[in-house]
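K.L.:
Here are the chains, one letter per residue:
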Amino acid sequence: MRISPLPMTTEEEARIFGIYIVGSAPSQEIINRYEKIVRSSSVNLTKKETAIISFAQRHPRLLPAMDAYAAIFKPHLELRRRLFIMFAVLEATPKYSEEFLPKDRGILYLLTIAGVSLRAVFRVFLGVAIMGYIGVRR
Amino acid sequence: MKDIHDYIVVGSGCSGAIAAQTLVEAGVDVTMVDVGVTNTDDSKRPLSREFIDTRKNDPNQYKYFIGSRGQGISWGEISKGAQVTPPRQYMTKDVDTFIPLSSKTFSPLESLGYGGLGIGWGLQCWEYSDADLARVGLDIDRTRKAYETVSNRIGISATKDSAAQYTIGNLTGFQPSAKSDKNHRLIQRLYTKRKKFFQKHGFYVGRTPLAVITKPKPGRKAYRYLDTDFYSDADKSAWRPWITVDELRKKTNFHYIGGLLVTSFEEKKGIVTIHTLDVSSGETKLLKCRNLILASGALGSARIVMRSQGSIGTKVPLLSNPHSYIPCIQPSMFGKGYEKKKLGFGQLSYFIDPAGDDSGISVASSYSYQSLMLFRIITQLPFNFADGRILSRFLTPGLVIMIAQHPDKHSPKKYLELIKDKESPTGDKIKAHYELSAEDEKEWDEREKKYVSVMRKLHTYPIKRVKTEHGSAIHYAGTLPFSEDSQSMHLSPNGRLHNTKHVYVADSSGFQFLPAKGLTFTLMANAHIVAENVLKENS
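If you read the sequences in order, they're chains C and F. Under this note's numbering, the first residue of the first sequence carries the number 1, and numbering increases by one thereafter. Under this note's numbering, the first residue of the second sequence carries the number 139, and numbering increases by one thereafter.
Read the hints as simulated data drawn from the structure, not as lab findings. Just so you know, even glycine gets a beta-carbon here, dropped at the ideal spot from N, CA and C. Among these hints, one or two may not hold up.
[Stated by the list, open to error] Partner residues aside, some chain F positions facing chain C, computed with beta carbon under 7 angstroms:
hint : residue
1    : PHE203
2    : ILE204
3    : SER212
4    : GLY357
5    : TYR507
6    : PHE523
7    : ALA524
8    : PRO535
9    : PHE651
Start from the sequences and build out the full structure, keeping to the hints where you can.
P.N.:
Structure, rendered in structure tokens:
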């Protein structure tokens, strides 16, 4: 498939990643922090890495599946590294602390765990198909 | 400042601080020479709020948890120093520049910081057994007395429980342990129920003695359970070498010279001339003294001695504890929420003593995970970040990290060598090699499997074993072993470097064997003994 440069700025990328991880758009302060860290640790992207990030930026709804695939088969992808940075930045922010701190189990505790685990597995299968389409092989 | 100093101590780490204190308390004039890198980062102020409170309310928390430049976000394999959080990372600053080391098999952590490796020490204070002290080459009675002295100085909290023979031995001068958290209370309860069974199989569990005070001492407050111990030294309740050095600097018979890297020494007519490198200007500066006490750590002191004795290409031995991380889960703790007022340090010690004589044992200690943040483990889980976050919130209250350590003995396959290096400011660097024998590998593997098996019986289920790079335990010793015979690159039993009259080594360089129990308490006891020996020889 055709390789295109990244279609979005790091700022827009940060917004997509923030929504994916905690479900809401991060504040400008968090976006700035993310940008600073990504820039200070920037790596030369290969064509494949560029294609993956570019696809994730253009299709944010498919990002969870791509991430799920990468978590198992390609854990060192640049996409994962950037998501990891956003994860750490969000975690070290008061506004999102409750989204990361240990949670008390309620009545639906086991159902939540089972549901999220099933969703995670489904996302891996979906990720296999998406990454295959982009041209990433296990 | 005198032209000729009476006593110069090199290094401000655990052994340097204790040796200097012994000398200062005896009333002699002491000068400490040190590079002494300090934290100039905006994370230098201690966190004075509790961890959960900080997480919920402190907008500057990122400086402590991930670093203002993201320097605490470590991507990829677990490497040396992975446990060093951003506020403590200054301890390794300038190390690669001024004391370079190359190796494919050994990956140590050294420090030029004010307080040395003690800046990030886990504070565990196990006493060595008589059998271990004998193998190390230390006088048993004097070391026992020195343990008491050090304990009274730094403040140790401990419990005389059923594993006391392995943890505190005969120590009497200690404070009560801080209360353990829910995870560890569960382990203790299950262990106590079947204590006879476990002990019959050579497995002992007890509270870890820690250099943390639970009752106030002058200038230091009792531990407040802030659970920020990986990031901050609030209230000085945890002892760090710089606390002692700061106190010594208030005395008139103590002088601190920072910014100087001691590179070598020469001794003529009872005077030792020390060559130093000013790390700011790159200039060479000379200092003279009557007695030189090296306390730069086993690698640092060996480097100085090899350089001083022109031993380029000579191999000196090396000891370092092999160790592994064993993450475990406690299913009954899943979904238990977070715990406030918690102890962040290692809480329980586990001993495997197949022979039952406290000799050649393996040791493990355990931590619960709460204050280490999810991002440090999230990539270890086979989940995407969004689902991994949700699941981790339920799982982390049941996560316990064990660190297993094994003893080490000398072998021709473990050594250091000083080689020429034009790019280094000192013109040389250390080349290290560390290789375990197949028998040792097998034995440590079997012991770790035993840990796995026994921990299951304590309803704490190991999920994997992560073997770390050699040297990452940050325990180094045995580079200038004690010897009765007057051989070069060896120490006499009183800590004096053979073939010198006034050069002593007060760190772990002289150890002939490295027991599994962390060495820091013993190297401080040894530093006190060496300082006493120096005073005696000068009296």
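K.L.:
Which numbered conditions among the earlier hints are violated in the structure presented, ordered from lowest to highest?
P.N.:
3, 4, 5, 9
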